[in-house]
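Student: Listed below are the residues making up each chain.
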Amino acid sequence: MFRSSELSNPNRTRRNVLLLFYAAALTCGISAGIASVRLTPGSDRLGLVPLGIATMAGLVAITALIGVFRTADELQRRINHQALAFAHIGTLILCFLAGIFQPEDHLCISGLGICVLLVALWSLGLILFSRRYQ
Amino acid sequence: MKTRLRVLRAEMEWTQADLADRLSVSRQTINAIETGKYDPSLPLAIRMARLFGKAVEEVFLLDGAPPTNTPSER
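Residue numbers (the working numbering), protein chains in the order written: chain A, 1 to 134; chain B, 1001 to 1074.
For the record, the hints were derived by calculation from the structure and aren't laboratory data.
A quick note: this is a predicted structure, and the numbers were derived from the prediction, not measured.
Some hints here could point you the wrong way.
[Said to hold, decoys possible] With the C-beta cut set under 10 Å, the calculated list includes, among others, these residues of chain B facing chain A: (1) Thr1003; (2) Gln1028; (3) Ala1032; (4) Ile1033; (5) Thr1035; (6) Lys1037; (7) Pro1040; (8) Ser1041; (9) Pro1043; (10) Leu1044; (11) Glu1058.
Ideal placement from N, C-alpha and C gives every residue a C-beta, glycine not left out.
Please construct the entire structure, taking both the sequences and the accompanying hints into account.
Tutor: Structure representation (structure tokens):
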């Protein structure tokens, strides 16, 4: 009989490589983004180089992430769809509430905050919906 | 939907990881199907049935539905 160690799953290997690319590109992109904002406050031209690197790294990260989704099996895709729906609806409601309370200076969400909120709710959704099928 | 996947897998002496590798899915998917938390798609159900040399109706049983004649019984 075959054991799991004797069988190789090319999908899993490809997924791990893509995840590694994604993590590397994301780290590079965030570092370059911070560098473009913080390290070169006075010179606009010098700030364009890290900004270009950050953009390229962002594109690589998105491509790698799409590749990861394409290697996912049907249950993983379902979990991801549910998590994305959770994140989008959560962000929509919270942004709506922020919009209502903004004129009264009670609550204000910046554009960057919306990105963080979306990613946080997406991650939370992935954890919650993964537990449902365990 | 009920499934005989666990029984069939045990007959072949395969672990969940073995079956997952053969079907190119994750072990979590096999576990979710065996515990009845997830109903597989039709292509995956057919691939599973073919792997065990059975008809789909012999691997998956619909809750409350009367038993039907499987191709092997006809």
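Student: Next, verify each hint and record whether it holds.
Tutor: Okay, the hints, checked on the actual structure:
Because the smallest distance between the Cβ of threonine 1003 of chain B and any Cβ of chain A comes to about 14 Å, over 10 Å, the interface hint for this residue is violated. At a threshold of 10 Å, the smallest CB-CB gap from glutamine 1028 of chain B to chain A is about 6 Å, leaving the interface hint in force. With a least beta-carbon distance of about 4 Å to chain A, the hint placing alanine 1032 of chain B at the interface is held under the 10 Å criterion. Hint status for isoleucine 1033 of chain B relative to chain A: holds, with the closest Cβ pair at about 8 Å, below 10 Å.
Because the smallest distance between the Cβ of threonine 1035 of chain B and any Cβ of chain A comes to about 9 Å, under 10 Å, the interface hint for this residue holds. Given the 10 Å rule on beta carbons, the hint for lysine 1037 of chain B holds: about 5 Å separates it from the nearest Cβ of chain A. Nearest Cβ of chain A to the Cβ of proline 1040 of chain B: about 7 Å, under the 10 Å cut. The hint holds. About 5 Å separates the beta-carbon of serine 1041 of chain B from the nearest beta-carbon of chain A, less than 10 Å, and the hint is met.
At a threshold of 10 Å, the smallest CB-CB gap from proline 1043 of chain B to chain A is about 9 Å, leaving the interface hint in force. Taking 10 Å as the C-beta contact cut-off toward chain A, the hint placing leucine 1044 of chain B at the interface holds, the least distance being around 6 Å. Annotation: glutamate 1058 of chain B was flagged as interfacial toward chain A, and the flag is violated, the nearest CB pair being 21 Å apart, outside 10 Å.
The structure is inconsistent with the numbered hints 1 and 11, although it conforms to all the rest.
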